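So the sequence shown is residues 5 to 296, counted in our numbering.
These are calculated hints, taken from the structure and not from any lab test.
This structure is a prediction, so every number in the text was calculated from the model and none was measured.
Misleading hints may appear alongside valid ones.
Beta-carbon label-pair distances, calculated as ranges [to be verified]:
(1) Gly216 x Thr45: 35 to 43 Å
(2) Ala288 x Val43: 35 to 43 Å
(3) Asp161 x Pro46: 28 to 36 Å
(4) Ala236 x Thr124: 30 to 38 Å
(5) Arg285 x Pro251: 14 to 22 Å
(6) Asp49 x Val202: 38 to 46 Å
(7) Pro160 x Asp49: 38 to 46 Å
(8) Ala76 x Ala280: 23 to 31 Å
(9) Thr124 x Pro160: 37 to 45 Å
(10) Pro251 x Ser272: 16 to 24 Å
(11) Asp261 x Ala288: 16 to 24 Å
Note that CB positions come from ideal geometry on N, CA and C, so glycine has one too.
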Amino acid sequence: MRIDTPEGDIIQPSRRAIAASLFFVGYAPAALSACAAPVRTPEDDLIIEEPHITGTGGYSLPAYVARPHAEARHPAVIVVNEIFGIHDYIKDVCRRLAREGFVAIAPDYFDRAGDPAPLTEQVAIMQIVNQATYEQVMGDTQGAITWLKAQRFAKPDAIGITGFCWGGGYVWLSAARFPDIKAGVAWYGRIVGPATPVANDPQRPWPIDIAGNLHTPVLGLYGALDQGIPVATVEQMRAALQAADNPSGSQIIVYPDAGHGFHADYRSSYVAADAADGWSRLLAWFRAHGVA
């Protein structure tokens, strides 16, 4: 609902967002493996918040935040979710980052359309996901940046971004769009768009489209066995970066024995060794590029 305020029109959060907790509790049932043993990072000595940030069009967008308890300014990381939204896996990634000294914020990019995490049918999930257009996601990400820069506990000049699957693609795009982002880590984000443009977002770019003018360093982490993101497209991105003399210093790592979702510890695709290696690389990448 839109209402008038002294500051102008704002959009009220959905009824789901006004509930005691803003997000689905548990793991996305569409991908949860019966044999999975998801990592559970404790909240001890962390501050957990569920603020609203100002997203595209003035929308009051819920977000999940985990940060260190210590009173100081900390580097910050925006966490961009997979197609399942802000479920327990994404929350845990935020807590892992907080334990490493970062302020981690996961905006709920799908809030306008609903929560895909409780759903089990891929078609229904994608109906929600596809409503999040490029410009909406960019505006919501800018909202997260603006919110972080206004907080006394975040370093305004030390902001990074990481994301998984759907979110991994948006890491590349956000790094190209926002100079406030100092570094990005993209986990198996799609490189090349479909042959037919998305009907409601025909002008959306893809990582391959911005390779030539990317100046923010991005670390891309991919699996050679990924059936949805062929290695050939990953090599296209690597070649495009090289053709542009790679001014950002971006790098791409391909794990030979990993498929899609190899970091997702609640899925059957999880590869513990590669997930741990990727996480170590993420921490080193951020600290080497000013998110520290």
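So, going through the hints one by one against the coordinates:
no.: 1; hint: Gly216 x Thr45: 35 to 43 Å; verdict: holds (38 Å)
no.: 2; hint: Ala288 x Val43: 35 to 43 Å; verdict: violated (20 Å)
no.: 3; hint: Asp161 x Pro46: 28 to 36 Å; verdict: holds (30 Å)
no.: 4; hint: Ala236 x Thr124: 30 to 38 Å; verdict: holds (32 Å)
no.: 5; hint: Arg285 x Pro251: 14 to 22 Å; verdict: holds (21 Å)
no.: 6; hint: Asp49 x Val202: 38 to 46 Å; verdict: holds (43 Å)
no.: 7; hint: Pro160 x Asp49: 38 to 46 Å; verdict: violated (24 Å)
no.: 8; hint: Ala76 x Ala280: 23 to 31 Å; verdict: holds (28 Å)
no.: 9; hint: Thr124 x Pro160: 37 to 45 Å; verdict: holds (41 Å)
no.: 10; hint: Pro251 x Ser272: 16 to 24 Å; verdict: violated (39 Å)
no.: 11; hint: Asp261 x Ala288: 16 to 24 Å; verdict: holds (22 Å)
The structure shown violates the earlier hints numbered 2, 7 and 10.
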